[in-house]
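Peer 1: Note that the protein sequences, when read in sequence, are chains A and B.
Just so you know, the first sequence maps onto residues 3 to 116 in my numbering.
Just so you know, the second sequence maps onto residues 2 to 118 in my numbering.
Be aware that one or more of the hints could be misleading.
[To be verified] Per the computed footprint, the stretches of chain A lying under chain B, defined by three or more beta-carbons under 8 angstroms from a beta-carbon of chain B, are:
#, region
1, 34-40
2, 44-51
3, 98-105
Bear in mind the hints are in silico, worked out from the structure with no lab data behind them.
Every residue gets a Cβ at the ideal spot worked out from N, C-alpha and C, and that includes glycine.
The lines below spell out each chain.
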Amino acid sequence: AQKITQTQPGMFVQEKEAVTLDCTYDTSDPSYGLFWYKQPSSGEMIFLIYQGSYDQQNATEGRYSLNFQKARKSANLVISASQLGDSAMYFCAMREDSNYQLIWGAGTKLIIKP
Amino acid sequence: GAVVSQHPSWVICKSGTSVKIECRSLDFQATTMFWYRQFPKQSLMLMATSNEGSKATYEQGVEKDKFLINHASLTLSTLTVTSAHPEDSSFYICSAISGSGIGETQYFGPGTRLLVL
């Protein structure tokens with residue numbers, strides 16, 4: 003079974019609009035961490051935001067926020083006021099307490115239209 | 002934020018030659034480094050995990066004699082693709098962490114594009 007599911011292969015969004023990228027996960031570990039990375043066409047993987055399973059509040063980093071719904075096992079990334087430079091692949095990943103490796107989703111290709 | 006460099010960025014080589022890729026953590030000591038391979042339009046595929054001073058742990062299906070990993074210091078890990086063939090052409094990217102906590106962020110190098118002719 004997929005441990006990280008990103009159901010949106012691609013998204014087109016108008017510049018300045020907010021965008022939500024979906025991520026659902028599956029784990030039986032009570033302690034885990036959720037990460038979002040951005041990969042522009044250059045290939046580098048850029049860390050965006052982290053949410054721990056025990057964190058009481060949703061993580062925020064500038065224009066990025068994580069809509070963490072633990073009961074639903076979802077960790078959606080919200081980008082506010084999208085910019086042309088936000089066009090990239092976005093990957094959701096999880097680390098379980100029992101395994102320090104990252105488990106990756108398939109990614110979502112986001113294209114911001116001017 | 003933590004910086005990880007990777008060298009070279011691009012490699013074009015002839016079939017049968019060996020290629021070495023370096024991954025360095027520039028401003029922190031990396032207890033663990035990871036090597037990934039990424040095919041076009043796909044997610045990252047973990048190849049191996051290396052800890053400083055010990056043998057790398059390879060993922061199932063990854064040939065350890067083909068992809069030699071050396072983590073000689075807390076700031077340097079190398080991946081050598083031995084006797085490269087066209088099917089080894091891919092994007093190789095490394096990452097590093099400085100601890101083992103659940104929230105420890107993996108910081109990535111810029112990646113190396115390998116083309117084997």
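Peer 1: Could you run down the list of hints and mark each one as holding or not?
Peer 2: So, going through the hints one by one against the coordinates:
no.	hint	verdict
1	34-40	holds (count 4)
2	44-51	holds (count 6)
3	98-105	holds (count 4)
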